[in-house]
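K.L.:
Chains as they are written, first to last, in this note's numbering: chain W, 1192 to 1496; chain V, 8 to 440.
Since the hints were made in silico from the structure, they are not lab data.
Be a bit skeptical, because a hint or two may be false.
List of simulated lysine-lysine pairs, BS3-like, C-alpha gap at most 27 angstroms [unchecked claim]:
id	chain 1	residue 1	chain 2	residue 2
1	W	K1488	V	K425
2	V	K45	W	K1488
3	W	K1488	V	K239
4	W	K1488	V	K424
5	V	K238	W	K1488
6	V	K45	V	K236
7	W	K1239	W	K1224
Computed from a predicted model, the values in this text were never measured in an experiment.
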Amino acid sequence: MNTIIKTLITATAFFGLSVGIANAAGGETKELKHHHWTFAGITGAYDKESVQRGFQVYREVCSACHSLDYVAFRHLGQKGGPFYMEKCPEGFPSTQDCRQPIANPIIKALAAEYEIEDGPDDGGDMFMRPGLPADYMPGPYANVQQAAAANGGAIPPDFSLIAKARHHGPDYIYSLLTGYEDPPETITIAEGTYYNPYFPGDSTSLLKPEYVDDEGHVLEGVKVPYGGVLKMKAPLSDEIVDYADEETPETVEQYSEDVTNFLMWAAEPKLESRKRMGMISMIYLFIFAGIVYWSYKQIWSDVDH
Amino acid sequence: MSHESTYVPGSAIERWLDKRLPIIRLGYDSFGDFPTPKNLNYWYTFGGILSVCLVIQIVTGIILAMHYTPHVDYAFESVEHIMRDVNYGDIMRYAHANGASMFFIAVYLHMFRGLYYGSYKDPREMLWIIGVVIFILMMATAFMGYVLPWGQMSYWGATVITSLFSAIPLIGDSLKTLLWGGYSVDNPTLNRFYALHYLLPFLIAGAVILHIWALHIPGNANPTGVEVKSKKDTLPFHPYYTVKDGFAIVVFFILFAAFLFYMPNSLGHPDNYIPANPLVTPEHIVPEWYFLPFYAMLRAIDFNFLFISSKLGGVIVMFSSLIILFFLPWLDRSKVRSHRYRSTAAKLWFVLFVADCVFLGWLGGQVAEQPFILFSQLATAFYFIYLLVILPLLGLMETPKELPKSISEDVLSNTKKKAAISATPEPVAQPAE
Ligand code: HEM
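Excised from the complex, chain V in its bound form:
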């Protein structure tokens, strides 16, 4: 760890343990007095929220697994058995299904936070890279989980997405057969997806440990992007951030509970309440909402390019949109980390990029017809142009605003400003128009 350990074992048993396995010391150093910048805002609470999401998925998932049957003839029925006959089974299942959505809401906000504050910049590149690995593992896990209830969307979603692999030259068809465990999506597919769906969350948990390790080497970044200079800039993680993260987690739970208890099916597709039927194709095959931006990019490529078929092109573009995130630390050439001290142009382009991602998500839910295809092509192009061209160029061209000397200086000047504002008399209430 990057700071001196200040742990003092309090009892004989702790001293005994500390010599043999300093695990309490590890916990204390990482989450007890870990020096944390004192200016972290609520955007920095999503890390804690995401850890809670992972735990919820694993706990509800294991309970579901006790009652679920991974067989094409029984999977749908076993989920209905969970919903109707298992005590609190409906709550467990809805918590798991909506929990996946909450997980993605949190991860997207967490990532946009990273983008805005330049959290991936030197020396936090590894931290960001591990984050992207976690994100990709989450997508794989959620995709395979959605297949398990073996409804119409499960089956057809699995068919559409796994078929994409056949577009890969040379090995594509073998890869697809390997994924399927046969020549179509069938019982072997369901079984291997179940095995992997059970495994991957634990890989994610492992990656989360690495992620936190990589965080604790340089310590947290912060909204100013100025590194911690002295002890005055930091606070011990506990109790300051345990309570702030704790508050954010409770608020997040309120959102979660609203979906779980009052609209548990609003984020799902009604067709998944129809048992899988290989003979009937649903009118529109749409993935879960959190995949829609990538689905839009996949379908945007409806033309062949040289020797690349439109299908392969779509696959390349979709996977590139994820791979490119690994290189973000080197694509962003800005001299300062945080957008707070960057030009208005940089801020504006950032807002456009976020809007573009949301727009892609909306497009992913539309039918593959004009004008949506054209919009998808434009939005996809912008996604890549922003990351590959605009972001590097902005960094080279702009003159950032002056950075505060330290975190404490910034905090103090803000407090003064606030004090000045509250000192001015309250504005007189205006009559309503």
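Just chain W, same shape as in the assembly:
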């Protein structure tokens, strides 16, 4: 056993060494801001108010460029969603079950604010009609070519899964949104691009000529800045969205937190029910393991082993 432990220690040291070597390479991004998320952990759940505000931020700012293809209005009103209703507000007929997204008045009203293309009608023509809870959210562009043309060649990614489609998604989105800063002195950036130390990229190629030698090697003592440039201008600024609730600060940090909560919900709408099920399963499994272990001890008690 001792030899095993020793080998493990040596192996670990060896790993540590190689990781050190790996990190010396360029093209690094700044260490992400570690935010505390209410949905993290084994009893994690969404902060419903924050997700609602995040939806507002998405709707008023991000939806100008980013689609949300896999999210329907009804999803917002289902269990675990930001506009889920335990019971209908005062004044609704008792036959109406507002737990059902299609009967949820907020969802119905929200969907109706959108114009959805439908058809063809009996005459063979497409027509516009107010949205229904079952409709999916309409995106900002007709096709990717239009999206690219409107954004200097970059396509704003769809938001349905963005929080799971990046390493440490929520921390990354939060850091990116709050991380815009003026480009460092040492680099020049092209028009229509914006510097962000959290955006993956290699800013070596952006270094001003005086910091690289003739062969393109970075001069001794010059630090390559973190991150890179992207084609999205900082989308948020203080007070850009007007929150109904007077308490909540209208700052970039708050907006970013809220919109990140919303994006995580959009990517993982069943997170709460999954974790609840996990809790029940775990309790069951631990008790069951205890019982089976006890049976094992009982059954084997008369055996020498």
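Add chain V with the ligand to chain W, keeping to what the hints say.
P.N.:
For chain V with the ligand alone, kept in the frame of chain W given last:
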């Protein structure tokens, strides 16, 4: 079966059935009173765990198949439909994806167990060979399954791995076209992978039956490596091992549940939540974790050797690393089965070999740059040197420790030792440093 049947049909209907189709007898003889060595430890529970894994994959897989659409335009969307709109669809999908990882954790531990206790040695060579066949089928199944959600890693992983076949001389290009069903990874590829992904698990199930058959001819091996000598050495499988395996399965489920419910995406790659896009290559293309050791060996060969291109070399080395496992029963020349009675040197080399496999896995996840390539080359070389040189030589050179006369003797001497230890007074608690 290798032991006398002791089944006595209890009712008229059982007697009637027993004359015509003795299926209850088969079940009873195989899993009821099957004589099993009484000294099996927890390393011997992975066989049962693996059977459960296969059942989980097949059940969750069939449910997924009811909602999945194998078409490049709809596959990704249909998986999202499963995740968002199908009742318990998220659980089914996460159980299937994490279930594959659990399956591989179990199979790797099962195989290292075989290596440590020399389970593949005479008369269990066929048992081991069928096991390696199962392992290779599992890898093929998991690889094709990973393509189905048609995310970025699905697409690019499929492209990288299928392109390898073109390195095979003469038939390589035709083989690649056959795999693709065209001239690139596209809809025909997805369709045939889906068909095969549905088929292979049932071939695995068939191979598992052969595996258990081959196990029940000589009976289980055990940690001492000494064959069963008398009835005193064994216990009936039920209830002794059903309860022990059962406990291990429940503990394994706790691990599974931890991933499934609390970190279902931690073993996957975020890029697979981006729909496949043939025009955008991901920065790093990495396979699932369970393929990483083999991926490292593939990439370790970055040089041409005589007429063999580096690509072909990588393919040869990677496939050889699997093929060589078939020959293990003959490569290991040890006079005793179990490492328990082998020299310290043998134990040490074994530990190094395990560490080497883990190290290869880690290397497979690194970028293909120095110093990782060099490390991969060294680790690959060690993998082969251990199996081809060290293992045979150790067996020829070492003098094993004395074996116990029988399993019961070994068990008894252990119990005495334990009794002696617990008889000594409890050590006095030391103050904390
Ligand atoms: C040896 C057993 C099996 C293994 C190791 C296995 C492995 C996998 C893996 C790794 C994936 C990708 C999961 C993901 O990342 O989303 C997958 C997907 C899939 N598998 Fe299997 N599978 C097995 C058996 C089956 C069976 C028997 C069926 C159907 C009858 C099936 C149907 C599917 C379907 C429909 C998908 C696509 C949905 C998805 O990606 O989640 N699988 N499989």
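K.L.:
All the hints need checking, so say for each whether the structure fits it.
P.N.:
Status of the hints after comparison with the structure:
Pair hint K1488 (chain W) plus K425 (chain V) holds up; C-alpha atoms about 17 angstroms apart against a cutoff of 27 angstroms. For the hint linking K45 (chain V) to K1488 (chain W), the alpha-carbon distance of about 14 angstroms falls within 27 angstroms, and the restraint holds. Of the supplied pair hints, the one linking K1488 (chain W) and K239 (chain V) holds, its CA atoms being roughly 20 angstroms apart against a limit of 27 angstroms. Of the supplied pair hints, the one linking K1488 (chain W) and K424 (chain V) holds, its CA atoms being roughly 20 angstroms apart against a limit of 27 angstroms.
Using a Cα cut-off of 27 angstroms, the hinted pair K238 (chain V) and K1488 (chain W) holds, with the two alpha carbons roughly 22 angstroms apart. A hinted pair counts as satisfied when its Cα atoms are at most 27 angstroms apart, and K45 (chain V) with K236 (chain V) qualifies at roughly 12 angstroms. A threshold of 27 angstroms between alpha carbons decides the hint, and for K1239 (chain W) with K1224 (chain W) the separation of about 22 angstroms falls inside it, so the pair holds.
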